[in-house]
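Start from the sequences, fold in the hints, and give me the full structure.
Going down the list, the protein sequences come from chains A and B. Numbering-wise (my numbering), the first sequence opens with residue 1 and increments by one. Numbering-wise (my numbering), the second sequence opens with residue 1001 and increments by one.
It should be emphasised that the hints constitute simulated quantities derived from the structure, not laboratory data. Treat the hints with caution; some may be incorrect.
To be verified - Straight-line C-alpha distance at most 20 Å; calculated DMTMM-like pairs for lysine to aspartate or glutamate:
1) Lys-1010/B to Glu-22/A
2) Lys-38/A to Glu-1175/B
3) Lys-92/A to Glu-12/A
4) Lys-73/A to Glu-44/A
5) Lys-85/A to Asp-1222/B
6) Lys-1292/B to Glu-1282/B
7) Lys-48/A to Glu-58/A
8) Lys-1147/B to Asp-1164/B
9) Lys-1219/B to Asp-1179/B
10) Lys-1304/B to Asp-1335/B
11) Lys-1362/B to Glu-1197/B
12) Lys-92/A to Asp-1222/B
13) Lys-85/A to Asp-1179/B
14) Lys-1225/B to Glu-58/A
15) Lys-92/A to Glu-77/A
16) Lys-1276/B to Glu-1286/B
17) Lys-48/A to Glu-69/A
18) Lys-1311/B to Asp-1297/B
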Amino acid sequence: MIVLIMADQIPEFAPTFRFQWEAAQNCHVVLYPEGMVKLSQSAEEILKRCDGQHTTAEIIAELQQAFNEQDLKNEIEHFIEQAIKNGWIRYK
Amino acid sequence: MAGLDINNGKPLWLLAELTYRCPLQCPYCSNPVEIANYDNELTTEDWLRVMREAREMGATQLGFSGGEPLVRRDLEELIAEARRLGFYTNLITSGVGMDEARVKAFKDAGLDHIQISFQASDEELNNYLGGTRSFQHKQDMARVVKKYAYPMVLNIVLHRKNVDQIRDILDMTVELNADYVELASTQYYGWSRVNVEHLLPSREQLEQAERIAREYQQKMQDSMKIIYVIPDYFENRPKACMNGWGAIFLTIAPDGSALPCHAAAQLPGLTFPNVKNHSIEEIWNESDTFNKFRGFDWMQEPCKSCPEKEKDFGGCRCQAYMLTGDAANADPVCDKSPYHQQLHDEVERIGRLATEQRAEAKPLIFRNMKNSKKIIQEAV
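Spelled out as structure tokens, the structure:
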């Protein structure tokens, strides 16, 4: 699968996956049939913003500001690409 | 299927076997052969408490299973509460007892995922193995499940009688738009152990099946995930059964007995604590049964000094018991087990029976209450 990351596209969670906070794991997780993936804090911060309201460019800008860093673009785009390949999120 | 690979010592996976009643009679059913002894089912209130307590301990995945869970009239209520508690809710069903109104009601209750089993890709074999005319209905229900936008898993248990139709089976799952396909080679517990001579495929059949499964995995990789579970009788390394005893899995049988895996009831010398008398926390943390094969201290040689013990936990306790008479032995699938050759010989023997068609001389024992009662009586 080839995924093109476009700055003006809006990612949202796929209806076949669930993203939620798990107190017992002390982290956010992605849930799917009979499985669970624990998320790192950076993954969580990106996925929280894949809410169907923000473009990729806005997500990058917002995170760079929140964490006071200027070079997160590649890392975030790479993660979004993986998350689309995994089927967790999709472009609207 | 896709595992929960993280172990914080919590019962992450709660399998709720709501009932052993089932309209189907599959002769490879993994339920215990003593299903007729389980007529004292938990009440709705019991299940609500079990779900709440397991969730408090960190359980995330909840499987409604059976028997056929659709038989329980309180299923909608249980799903709604499970979802409210934050579980990811899986319904594991034959599709018999389902209709569109119920699929919609489950959606309204918050059900996350539906898994439907097929016995075969052709109507005649499907209906013969299930002992019911269910094939068309299953197909209709699979379409309804997709109509309501659930992620759908189609599960097909593979054995000698259907493994040669694997290509047709996969074409059917493509046509039905499955998101995941579980091709589960029969594991020999419960009823399938009784019928092993009818069910064990040949090595040639398996090699062919695996080749076709890999071909479809490649071809369908962008739209459908195919999980091919190899039959471990043909392997040399044991499976990491249940990710270790009492590590992440908790099964509650219809009568409320709590088990570290759904096949464990057969193990001798163990008392399975019941949720009617104990909290899930007591059962999980304190019961002798859940601590019995936890960790590594219980191991004997060759497991004890094995560098792979943290990977496979010595394999399956039930298989060790069934094939060696001692549940603390290494799983004989492991070629370090002194019983491995014996298992290998048994597989060869069944292979010869199959080629000579002598296996067919013995009747296939279908999974139903009548046959269960008979097996219980004969054991006494």
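Now for the hints, and whether the structure bears them out:
no. : hint                     : result
1   : Lys-1010/B to Glu-22/A   : 13 Å, holds
2   : Lys-38/A to Glu-1175/B   : 33 Å, violated
3   : Lys-92/A to Glu-12/A     : 6 Å, holds
4   : Lys-73/A to Glu-44/A     : 16 Å, holds
5   : Lys-85/A to Asp-1222/B   : 8 Å, holds
6   : Lys-1292/B to Glu-1282/B : 14 Å, holds
7   : Lys-48/A to Glu-58/A     : 13 Å, holds
8   : Lys-1147/B to Asp-1164/B : 30 Å, violated
9   : Lys-1219/B to Asp-1179/B : 14 Å, holds
10  : Lys-1304/B to Asp-1335/B : 15 Å, holds
11  : Lys-1362/B to Glu-1197/B : 9 Å, holds
12  : Lys-92/A to Asp-1222/B   : 18 Å, holds
13  : Lys-85/A to Asp-1179/B   : 14 Å, holds
14  : Lys-1225/B to Glu-58/A   : 32 Å, violated
15  : Lys-92/A to Glu-77/A     : 16 Å, holds
16  : Lys-1276/B to Glu-1286/B : 16 Å, holds
17  : Lys-48/A to Glu-69/A     : 18 Å, holds
18  : Lys-1311/B to Asp-1297/B : 15 Å, holds
Violated hints, in rising order: 2, 8 and 14; the structure is consistent with all others.
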